[in-house]
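Undergrad: Which chain is which? The protein sequence lines are B and H, in order.
Every letter in the first sequence is one number past the one before it in this note's numbering, and letter 69, counting from 1, is 69.
Every letter in the second sequence is one number past the one before it in this note's numbering, and letter 56, counting from 1, is 56.
If you're looking for bench data, these hints aren't it; they were derived computationally from the structure.
For each residue, glycine too, the CB sits at the ideal point set by N, CA and C.
Heads up, some of the hints might be wrong.
[As the list claims (entries may be wrong)] Label pairs and their in silico Cβ distance ranges:
#1 61(H) with 116(B): 39 to 49 Å
#2 53(H) with 80(B): 38 to 48 Å
#3 41(B) with 114(H): 23 to 33 Å
#4 56(B) with 27(H): 16 to 26 Å
#5 83(B) with 60(H): 41 to 51 Å
#6 53(B) with 18(H): 42 to 52 Å
#7 7(B) with 70(H): 34 to 44 Å
#8 14(H) with 54(B): 25 to 35 Å
[Unchecked claim] BS3-like cross-link-like pairs, simulated, lysine-lysine; straight-line CA separation at most 30 Å:
#9 101(H) with 57(B)
#10 71(B) with 101(H)
#11 42(H) with 70(B)
#12 14(B) with 42(H)
#13 1(H) with 57(B)
#14 68(H) with 70(B)
#15 1(H) with 83(B)
#16 101(H) with 70(B)
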Amino acid sequence: DGGITQSPKYLFRKEGQNVTLSCEQNLNHDAMYWYRQDPGQGLRLIYYSQIVNDFQKGDIAEGYSVSREKKESFPLTVTSAQKNPTAFYLCASSTPQAGTIYNEQFFGPGTRLTVL
Amino acid sequence: KQEVTQIPAALSVPEGENLVLNCSFTDSAIYNLQWFRQDPGKGLTSLLLIQSSQREQTSGRLNASLDKSSGRSTLYIAASQPGDSATYLCAVRLVSGGYNKLIFGAGTRLAVHP
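If we strip away everything but chain B, and leave its shape as in the complex, we get:
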């Protein structure tokens, strides 16, 4: 089955630790995205990547880092510099912009991160 997987489903972090959230897709999509969702708020874009070895900051990139070494994978690291990391994190992917009309984003099941 084609889709997006995120792991782990739940993650607990102690203050001062860096943690990495995994996102893998087998949809052959070029673009991948990371969003953060807080209660009562819409999703906010953290980072996005249009192609391998390239990524751009979104609206709330401070305290986060990403890499895109493979087309299928876009891991997100939440660093100790992120002051309020407790949230629900969602990964998404989409077909490339060029040459397409229908570039719908597809989402993974999410990872809930809690800082202890």
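Given the coordinates of chain B, assemble chain H onto it according to the supplied hints.
TA: Showing chain H alone in chain B's frame:
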């Protein structure tokens, strides 16, 4: 700056009712608009996508309309069922400098009771 607002924030209806969820956006220069469903603790499932040149899209009991000039979209759910209970999110897609960015509303939390 594009802002997306969804009204109401929460809605509780009896089974069988037809209902309308509203989404408004401040900048009409959108590429398309997408409606999603989110169950508690889960990811987003795409329901309907309307291109900026379209007026509406339909899928089963769902109908979404788009009035780009007035910055509004509505999601119409016919004959609601308890299984429709979820949070519904709308998002507008901006295209600038070759990237594709979604701006989300905060969602409408729908409860359909038997």
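Undergrad: Which earlier hints can't be squared with this structure?
TA: Those not satisfied are hints 8, 14.
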